[in-house]
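Q: Chain order of the listed sequences is A and B. Once you know that position 114 of the first sequence is 114 in the UniProt record's numbering, the rest is easy, because the numbers rise by one and skip nothing. Once you know that position 149 of the second sequence is 149 in the UniProt record's numbering, the rest is easy, because the numbers rise by one and skip nothing.
These aren't lab readings, by the way, just hints derived from the structure by calculation. Each residue gets a CB set at the ideal place from its N, CA and C atoms; glycine is no exception.
Which bits of chain B does chain A cover? Going by a derived footprint, with three or more residues having C-beta under 8 Å, they are:
id : segment
1  : 64 to 74
2  : 79 to 91
3  : 142 to 149
4  : 164 to 171
5  : 189 to 199
Restraint ranges, calculated between C-beta atoms of paired labels, are given here:
id : chain 1 : residue 1 : chain 2 : residue 2 : range
6  : A       : Glu159    : B       : Ala283    : 27 to 35 Å
7  : A       : Ala283    : B       : Ser174    : 48 to 56 Å
8  : B       : Ser174    : A       : Glu256    : 29 to 37 Å
9  : B       : Pro231    : A       : Asp63     : 57 to 65 Å
If you want the building blocks of each chain, they are given just below.
There are 2 protein chains.
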Amino acid sequence: MINKLVANIKKTNAPIVVGLDPMLDYVPDQVKAKAFAECGETLEGAAEAIWQFNKEIVDKTYDLIPAVKPQIAMYEQFGIPGLMAFKKTVDYCKEKGLVVIGDIKRGDIGSTSVAYAVGHIGKVKVGEKSYAPFDEDFVTVNPYLGSDGINPFIDVCKEEKKGLFILVKTSNPSSGEFQDLLVDGRPLYELVGEKVAQWGEDCMGDEYSYIGAVVGATYPEMGKVLRKIMPKSYILVPAYGAQGGRGKDLVHFFNEDGLGAIVNSSRGIITAYKQEKYARFGAEHFGDASRAAVEDMIADISQALN
Amino acid sequence: MINKLVANIKKTNAPIVVGLDPMLDYVPDQVKAKAFAECGETLEGAAEAIWQFNKEIVDKTYDLIPAVKPQIAMYEQFGIPGLMAFKKTVDYCKEKGLVVIGDIKRGDIGSTSVAYAVGHIGKVKVGEKSYAPFDEDFVTVNPYLGSDGINPFIDVCKEEKKGLFILVKTSNPSSGEFQDLLVDGRPLYELVGEKVAQWGEDCMGDEYSYIGAVVGATYPEMGKVLRKIMPKSYILVPAYGAQGGRGKDLVHFFNEDGLGAIVNSSRGIITAYKQEKYARFGAEHFGDASRAAVEDMIADISQALN
Numbered sequence: 001m002i003n004k005l006v007a008n009i010k011k012t013n014a015p016i017v018v019g020l021d022p023m024l025d026y027v028p029d030q031v032k033a034k035a036f037a038e039c040g041e042t043l044e045g046a047a048e049a050i051w052q053f054n055k056e057i058v059d060k061t062y063d064l065i066p067a068v069k070p071q072i073a074m075y076e077q078f079g080i081p082g083l084m085a086f087k088k089t090v091d092y093c094k095e096k097g098l099v100v101i102g103d104i105k106r107g108d109i110g111s112t113s114v115a116y117a118v119g120h121i122g123k124v125k126v127g128e129k130s131y132a133p134f135d136e137d138f139v140t141v142n143p144y145l146g147s148d149g150i151n152p153f154i155d156v157c158k159e160e161k162k163g164l165f166i167l168v169k170t171s172n173p174s175s176g177e178f179q180d181l182l183v184d185g186r187p188l189y190e191l192v193g194e195k196v197a198q199w200g201e202d203c204m205g206d207e208y209s210y211i212g213a214v215v216g217a218t219y220p221e222m223g224k225v226l227r228k229i230m231p232k233s234y235i236l237v238p239a240y241g242a243q244g245g246r247g248k249d250l251v252h253f254f255n256e257d258g259l260g261a262i263v264n265s266s267r268g269i270i271t272a273y274k275q276e277k278y279a280r281f282g283a284e285h286f287g288d289a290s291r292a293a294v295e296d297m298i299a300d301i302s303q304a305l306n
Numbered sequence: 001m002i003n004k005l006v007a008n009i010k011k012t013n014a015p016i017v018v019g020l021d022p023m024l025d026y027v028p029d030q031v032k033a034k035a036f037a038e039c040g041e042t043l044e045g046a047a048e049a050i051w052q053f054n055k056e057i058v059d060k061t062y063d064l065i066p067a068v069k070p071q072i073a074m075y076e077q078f079g080i081p082g083l084m085a086f087k088k089t090v091d092y093c094k095e096k097g098l099v100v101i102g103d104i105k106r107g108d109i110g111s112t113s114v115a116y117a118v119g120h121i122g123k124v125k126v127g128e129k130s131y132a133p134f135d136e137d138f139v140t141v142n143p144y145l146g147s148d149g150i151n152p153f154i155d156v157c158k159e160e161k162k163g164l165f166i167l168v169k170t171s172n173p174s175s176g177e178f179q180d181l182l183v184d185g186r187p188l189y190e191l192v193g194e195k196v197a198q199w200g201e202d203c204m205g206d207e208y209s210y211i212g213a214v215v216g217a218t219y220p221e222m223g224k225v226l227r228k229i230m231p232k233s234y235i236l237v238p239a240y241g242a243q244g245g246r247g248k249d250l251v252h253f254f255n256e257d258g259l260g261a262i263v264n265s266s267r268g269i270i271t272a273y274k275q276e277k278y279a280r281f282g283a284e285h286f287g288d289a290s291r292a293a294v295e296d297m298i299a300d301i302s303q304a305l306n
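Generate the whole structure from the sequences, applying the supplied hints.
A: Shown next as structure tokens:
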């Protein structure tokens, strides 16, 4: 799957990923009204609204982008109907040729990690049959529990040709509370980064490992160091746009081959229609506003990389 | 909810929690056969089998125990039908008067953590209505992202009178890889424990804080230290039984009032019928075997505490 991700990035010339993180507030009124008219102001209605919202954004952007990253929390908050919308979104994006990174940040141990892994990127056995319940291409994973938590995911990745992005340095202001603590003079996130590089050694695609890392755009200096520590790991870089990152901050997340990083924007793309810059589209044409925002994001990052 | 947990523990005189972590292999053949006959060898069939398995165990043990801890991964691996069985299990256990600890180990930032929190222990708004999608009483949370990840959960806990157990020192062999790293001579888990105590200060029930911690039974010496660092936090102690912990190892997880810890056993209880000790019950009476295992666990811990 890492090979498909790299191929998609080369084809689109766009090392970006659109975060499909639909809060209900993000969904234009006309989309909500239609969904509520059909299903009521229910969890089903909310799920229908976010699904229709996603579908329009994917339809208007899929030819420009290599990948999407649905954040499962935004669906899980609407219970079972929300998770059905998550699954529908995953399937639809795959039909469109996109690589799907499930932003699930799971992490547990032993048989529990196995269960998450088979549920999201593998197959679960039921009697003589087997099923791929959520079937994302990549998932994000939390490393706090150590190798016992990560290895079951890696095993499933090897079997299914899927991939991981392991949290190393997250984009939020308080990420340093634990991640920056110094261990023998070196911050914890560097040690986690070293582990990611180790875990990834045995998991090479053609050019890159399918064991990647998450490093927030808000910490470009740390990204520069981590890039060197994990030369063969793809870095998923959240927090471009709404959370503060800009193209010029991102250069050092990439390798000299122009590859090695994929930059996520969620709000910046999916709520583009609410921003002054794209207000001309109006809420009616929110998908076109997202397309324009994707084009601007690609231009910003290309310029920074050239 | 911490008050209800403490009251339930006092009433049953049993500081224990039964982990409802049903692998399909754990479910006796007759239960699977019936479920597959009804729903086929499908995700729905698997979900029906684990739900029937859970129901029997709860029916046979609920009067002895204060709480259950369903591990969501074991349900999530069966996709949407599995998660419906999770929700059914949560609801059923609450009807039986049990406190439900959702072992979800979620953790993200900002609006994403809010989404997990409202989805699992709070209420989500849809238009003018609001819903409690999963509605557990407590959830487990991963601290790697720092306060930004935890505070949204705490806010929802305050509003809804729910509670958290934050991962501090997990029970697995490799938990030390990151958690034991020394920061100025002190292991990371102690610093996380101090944060848990701080986060919990402002969240007091009658005797204990509703911000608790997870510390594995497999590390009794560390439990002793952490008990002192977080005197007002309930400690959820996994890994009793199958993973190696025993009653005598657990004494120092408790305060002198005999409270402050709740010990989890999953496999030891729910697969009791497979163990030599309880083989006399046979697979047909697996619920009775679980009841006997619960009685033995309570006796073991009571003896150690006296």
